[in-house]
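Student: One-letter residues, chain by chain:
Protein chains: 2
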Amino acid sequence: MRAAKPARMGRFPSGARSPHAMNAAKVAIIGFGTIGSGVAKILLESGNRLGRHAGRPIELVRIVDPDLVRPRNVAVPRELLTSDLEVVLNDPEIVAAVELIGGLEPARSIVLKLLASGKNVVTANKALLAEHGRELFDCARRHGRSIAFEASVGGGIPIIAAIGQSLTANQVLSIHGILNGTSNFILTQMEEHHAEYSAAVAEAQRLGYAEANPAMDVNGSDAAQKLAILAHLAFGAQVDWKAIPRVGIDTVDVSDLRYAKELGYSIKLLAIAELASDGLELHVSPTLVRHGTPLAEVRGAYNAIRVVGDAVGRVFFHGLGAGQMPTASAVVADLIDTIVGRAAITFRALGLWSGRGEAAVTLRDPAKSAGRYYLRFNVQDSPGVLAQIAGILGKHAISIASVIQHETEEEADGVVPLVIMTHKAPEGAMIQAMAAIDRLPFVHPTSVRMRVRD
Amino acid sequence: MRAAKPARMGRFPSGARSPHAMNAAKVAIIGFGTIGSGVAKILLESGNRLGRHAGRPIELVRIVDPDLVRPRNVAVPRELLTSDLEVVLNDPEIVAAVELIGGLEPARSIVLKLLASGKNVVTANKALLAEHGRELFDCARRHGRSIAFEASVGGGIPIIAAIGQSLTANQVLSIHGILNGTSNFILTQMEEHHAEYSAAVAEAQRLGYAEANPAMDVNGSDAAQKLAILAHLAFGAQVDWKAIPRVGIDTVDVSDLRYAKELGYSIKLLAIAELASDGLELHVSPTLVRHGTPLAEVRGAYNAIRVVGDAVGRVFFHGLGAGQMPTASAVVADLIDTIVGRAAITFRALGLWSGRGEAAVTLRDPAKSAGRYYLRFNVQDSPGVLAQIAGILGKHAISIASVIQHETEEEADGVVPLVIMTHKAPEGAMIQAMAAIDRLPFVHPTSVRMRVRD
Numbered sequence: 001m002r003a004a005k006p007a008r009m010g011r012f013p014s015g016a017r018s019p020h021a022m023n024a025a026k027v028a029i030i031g032f033g034t035i036g037s038g039v040a041k042i043l044l045e046s047g048n049r050l051g052r053h054a055g056r057p058i059e060l061v062r063i064v065d066p067d068l069v070r071p072r073n074v075a076v077p078r079e080l081l082t083s084d085l086e087v088v089l090n091d092p093e094i095v096a097a098v099e100l101i102g103g104l105e106p107a108r109s110i111v112l113k114l115l116a117s118g119k120n121v122v123t124a125n126k127a128l129l130a131e132h133g134r135e136l137f138d139c140a141r142r143h144g145r146s147i148a149f150e151a152s153v154g155g156g157i158p159i160i161a162a163i164g165q166s167l168t169a170n171q172v173l174s175i176h177g178i179l180n181g182t183s184n185f186i187l188t189q190m191e192e193h194h195a196e197y198s199a200a201v202a203e204a205q206r207l208g209y210a211e212a213n214p215a216m217d218v219n220g221s222d223a224a225q226k227l228a229i230l231a232h233l234a235f236g237a238q239v240d241w242k243a244i245p246r247v248g249i250d251t252v253d254v255s256d257l258r259y260a261k262e263l264g265y266s267i268k269l270l271a272i273a274e275l276a277s278d279g280l281e282l283h284v285s286p287t288l289v290r291h292g293t294p295l296a297e298v299r300g301a302y303n304a305i306r307v308v309g310d311a312v313g314r315v316f317f318h319g320l321g322a323g324q325m326p327t328a329s330a331v332v333a334d335l336i337d338t339i340v341g342r343a344a345i346t347f348r349a350l351g352l353w354s355g356r357g358e359a360a361v362t363l364r365d366p367a368k369s370a371g372r373y374y375l376r377f378n379v380q381d382s383p384g385v386l387a388q389i390a391g392i393l394g395k396h397a398i399s400i401a402s403v404i405q406h407e408t409e410e411e412a413d414g415v416v417p418l419v420i421m422t423h424k425a426p427e428g429a430m431i432q433a434m435a436a437i438d439r440l441p442f443v444h445p446t447s448v449r450m451r452v453r454d
Numbered sequence: 455m456r457a458a459k460p461a462r463m464g465r466f467p468s469g470a471r472s473p474h475a476m477n478a479a480k481v482a483i484i485g486f487g488t489i490g491s492g493v494a495k496i497l498l499e500s501g502n503r504l505g506r507h508a509g510r511p512i513e514l515v516r517i518v519d520p521d522l523v524r525p526r527n528v529a530v531p532r533e534l535l536t537s538d539l540e541v542v543l544n545d546p547e548i549v550a551a552v553e554l555i556g557g558l559e560p561a562r563s564i565v566l567k568l569l570a571s572g573k574n575v576v577t578a579n580k581a582l583l584a585e586h587g588r589e590l591f592d593c594a595r596r597h598g599r600s601i602a603f604e605a606s607v608g609g610g611i612p613i614i615a616a617i618g619q620s621l622t623a624n625q626v627l628s629i630h631g632i633l634n635g636t637s638n639f640i641l642t643q644m645e646e647h648h649a650e651y652s653a654a655v656a657e658a659q660r661l662g663y664a665e666a667n668p669a670m671d672v673n674g675s676d677a678a679q680k681l682a683i684l685a686h687l688a689f690g691a692q693v694d695w696k697a698i699p700r701v702g703i704d705t706v707d708v709s710d711l712r713y714a715k716e717l718g719y720s721i722k723l724l725a726i727a728e729l730a731s732d733g734l735e736l737h738v739s740p741t742l743v744r745h746g747t748p749l750a751e752v753r754g755a756y757n758a759i760r761v762v763g764d765a766v767g768r769v770f771f772h773g774l775g776a777g778q779m780p781t782a783s784a785v786v787a788d789l790i791d792t793i794v795g796r797a798a799i800t801f802r803a804l805g806l807w808s809g810r811g812e813a814a815v816t817l818r819d820p821a822k823s824a825g826r827y828y829l830r831f832n833v834q835d836s837p838g839v840l841a842q843i844a845g846i847l848g849k850h851a852i853s854i855a856s857v858i859q860h861e862t863e864e865e866a867d868g869v870v871p872l873v874i875m876t877h878k879a880p881e882g883a884m885i886q887a888m889a890a891i892d893r894l895p896f897v898h899p900t901s902v903r904m905r906v907r908d
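Quick mapping for you: the protein sequence lines, in order, are chains A and B. In terms of this note's numbering, the first sequence opens at residue 1 and continues consecutively. In terms of this note's numbering, the second sequence opens at residue 455 and continues consecutively.
Note that these hints are calculated values from the structure, not bench results. Please read all numbers here as calculations on a predicted model, not as lab measurements. Among the hints, a few may not be true.
Claimed, not checked - Straight-line C-alpha distance at most 35 angstroms; calculated DSBU-like pairs for lysine-lysine:
#, chain 1, residue 1, chain 2, residue 2
1, B, K567, B, K696
2, A, K395, A, K424
3, B, K696, B, K715
4, B, K822, B, K849
5, A, K113, A, K395
6, A, K41, A, K26
7, A, K41, B, K822
8, A, K261, B, K495
9, A, K368, B, K495
To be verified - Over 12 angstroms on every C-beta distance to chain A, these chain B residues come out as not near it, computed from the model:
#, residue
10, S500
11, R562
12, I611
13, T622
14, H772
Each residue gets a CB set at the ideal place from its N, CA and C atoms; glycine is no exception.
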């Protein structure tokens with residue numbers, strides 16, 4: 001037993017210099033869409049460099065996809081393509097497979113089959129992990145295989161490695177992320193070009209940043225799934241992503257971006273995990289972020305993550321959060337990690353979805369959290385309106401930091417926007433006050449409430 | 455031989471669940487200064503968390519330092535302290551030692567002894583790696599041990615892991631780094647508080663950001679050592695750090711920061727590695743960086759690194775580049791990596807200072823590089839001055855983008871600053887033109903030339 005120790009402590013595995021060391025590591029891609037094509041491109045075109053990092057050549061031997069004829073932007077030898085997953089499952093020489101199908105099924109069944117047939121898995125599928133993480137990771141553990149998923153959050157930004165490996169000396173205190181590039185692109189369009197929400201969505205679709213049905217991106221679900229993965233990694237919190245309170249950018253009006261700018265803020269869809277004395281607070285929502293702070297300067301389809309650790313302080317990561325090649329970059333790094341054996345060690349060390357260490361984390365009651373708020377009401381322009389609204393806020397112990405009401409903005413029906421920025425107030429009191437204000441006869445739907453971060 | 459393969463491909467080493475798995479991993483700290491105290495603090499106070507990540511408890515068993523009585527900001531059991539390195543060298547149960555002595559000797563001899571006695575080494579010592587990397591890494595390879603050095607560049611920013619692991623699918627195209635927190639603190643003081651250079655240095659010393667002799671920090675040497683390490687990692691370029699052209703911030707006048715601001719720029723000490731068709735360009739120098747770009751917004755003692763890869767695009771990292779706890783965060787992450795076995799794999803995969811793959815990289819002749827320049831001349835305020843200077847620039851095919859000459863700034867002796875921003879010009883032509891201008895009778899020393907990045 002004693003003899004095993006040095007091998008775990010940093011000696012090179014004895015096989016590393018055996019004649020087999022230069023045998024190619026055979027890999028397969030399942031799902032030949034945009035990301036799959038990018039991964040194939042890197043594997044086929046950068047062989048020498050990858051082989052140097054992996055200690056032996058990496059050979060792409062199969063690409064599985066039901067559609068074998070659609071043109072892709074990479075030239076692939078015809079014999080690599082197959083529509084039959086069994087070809088991969090039955091090839092014992094394939095050591096790792098990349099799942100790039102996306103969505104829940106058949107991705108879930110395929111990953112389970114890959115693991116059961118002895119393949120290590122690399123995936124970019126955050127929905128699959130957020131929904132079926134436990135089942136998949138249990139399956140991998142049962143079969144002594146690893147799942148690597150750097151590409152599932154933050155695209156090309158190595159945030160999984162950062163939180164899962166590089167920052168492990170820290171108690172993570174908070175994570176603030178712009179995790180959905182589509183939403184950020186749309187908000188940037190609205191802010192910089194004063195585009196209406198629907199026009200900005202159309203532009204995002206035209207440029208390929210948004211799908212035909214962008215619901216999961218714009219309603220905060222995609223960001224919540226990614227936040228669930230990061231929260232599990234950083235805090236051991238095994239959270240159902242659907243339990244994370246979330247508001248999407250579909251609630252943001254172009255006028256809110258204008259008022260926010262006037263107050264010195266941008267609006268970003270922030271995914272937030274914050275450790276408080278009474279638990280972990282998780283939420284996704286459009287949030288006012290002060291100009292000049294790094295998160296406020298994240299534009300277009302970029303993602304960014306700000307992590308605060310008790311030792312390291314504030315660390316900030318910024319890069320392309322989606323797209324063919326950035327995502328492929330993360331997938332191929334995971335493949336190399338898998339081949340050299342780092343992925344197996346990390347998979348074991350993290351023990352994700354294993355039930356380990358979860359007892360310590362309780363989710364905080366959102367009503368107990370406190371913050372500053374941006375409020376916008378549509379009010380009938382008549383005497384005493386501001387006084388009554390301010391009165392209700394005051395009754396709930398919410399004090400006002402600033403007010404915007406422009407004379408010029410009266411609409412045809414005499415309805416004007418009234419914007420209020422509050423000082424710090426508990427979420428619970430805020431919700432009650434908003435409900436009371438919304439019952440006032442001169443307040444028209446829909447009132448807007450957004451958190452503010454300084 | 456075949457049987458070894460699955461073990462390398464992701465199976466758990468069979469020892470992982472043996473009764474020995476929970477044996478503590480014993481480690482030692484060599485050098486009980488600021489960083490050493492920080493590492494001891496994390497190891498002693500966060501045992502549970504670290505043990506979870508390392509798969510078994512991490513036990514700090516020795517701290518070696520000649521000074522056993524000086525008070526530190528951490529309470530350490532007296533029996534851990536020793537001034538005798540032999541105690542560590544002769545303890546076969548110590549699996550990893552952290553070198554935090556700094557400087558070249560005795561750090562070099564001690565690391566060689568640690569490796570020879572079978573310890574894996576973690577170090578934060580960029581000077582040691584830049585100067586003696588080959589000897590130390592060869593020694594580690596000879597003894598089948600690893601050297602981990604995340605803390606040597608960028609403090610708490612996981613830039614070594616990012617370039618060495620997470621971005622390995624990419625051909626790195628460029629690295630732009632603010633790698634010296636002391637210089638950045640001083641430049642920020644000068645820019646924001648209009649402090650003269652010497653006053654800003656004194657303030658940095660008062661706050662502990664600069665040493666009594668800050669030469670290595672402010673003259674660009676520290677940044678050049680870090681750049682040499684990053685360039686080796688990203689490009690396989692084994693460069694003598696002393697061969698990297700470097701200019702320090704001691705050449706920057708507070709007026710340059712003012713003029714730069716007027717033109718829309720900040721001045722940062724940038725360490726740059728850039729791959730061109732005719733080789734790799736490396737240099738460290740104060741550089742004008744356009745307001746609104748992420749590097750321009752890096753203030754105080756922070757570091758930042760912008761990496762461009764052919765697949766991932768632009769990735770940006772920002773965090774505290776020095777200081778007790780951020781550096782300790784990186785050191786302890788390396789310790790965990792060493793204990794779980796990732797460091798051994800990474801050490802082997804990187805093959806640093808092994809002579810592998812270096813043939814491909816040639817350093818580019820700096821005279822061949824081209825860029826925009828900021829120039830400041832001290833000129834006698836007389837007719838025809840600008841015409842003559844512009845004429846010389848024109849003769850060298852350097853065209854002028856903007857000029858600043860303020861009437862109000864004439865000094866007692868009739869000498870005024872003349873600031874010129876050029877369009878893109880070759881460095882060689884720029885040097886010749888500057889020499890010709892400096893020979894003009896009405897130009898007083900010392901003319902200033904800085905690169906501009908857009």
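Student: Each hint: holds or not?
Tutor: Results for each hint:
1. B:K567 x B:K696: holds (26 angstroms)
2. A:K395 x A:K424: At roughly 15 angstroms apart (the allowed maximum being 35 angstroms), K424 (chain A) and K395 (chain A) satisfy the hint.
3. B:K696 x B:K715: Within the cut-off at roughly 32 angstroms; holds.
4. B:K822 x B:K849: Distance of about 18 angstroms is within 35 angstroms: holds.
5. A:K113 x A:K395: Violated, at roughly 60 angstroms.
6. A:K41 x A:K26: holds (16 angstroms)
7. A:K41 x B:K822: Since the Cα atoms of K41 (chain A) and K822 (chain B) sit roughly 33 angstroms apart, the hinted pair holds (cutoff 35 angstroms).
8. A:K261 x B:K495: violated (44 angstroms)
9. A:K368 x B:K495: holds (33 angstroms)
10. S500: Violated, since 7 angstroms does not exceed 12 angstroms.
11. R562: holds (20 angstroms)
12. I611: violated (6 angstroms)
13. T622: violated (4 angstroms)
14. H772: violated (4 angstroms)
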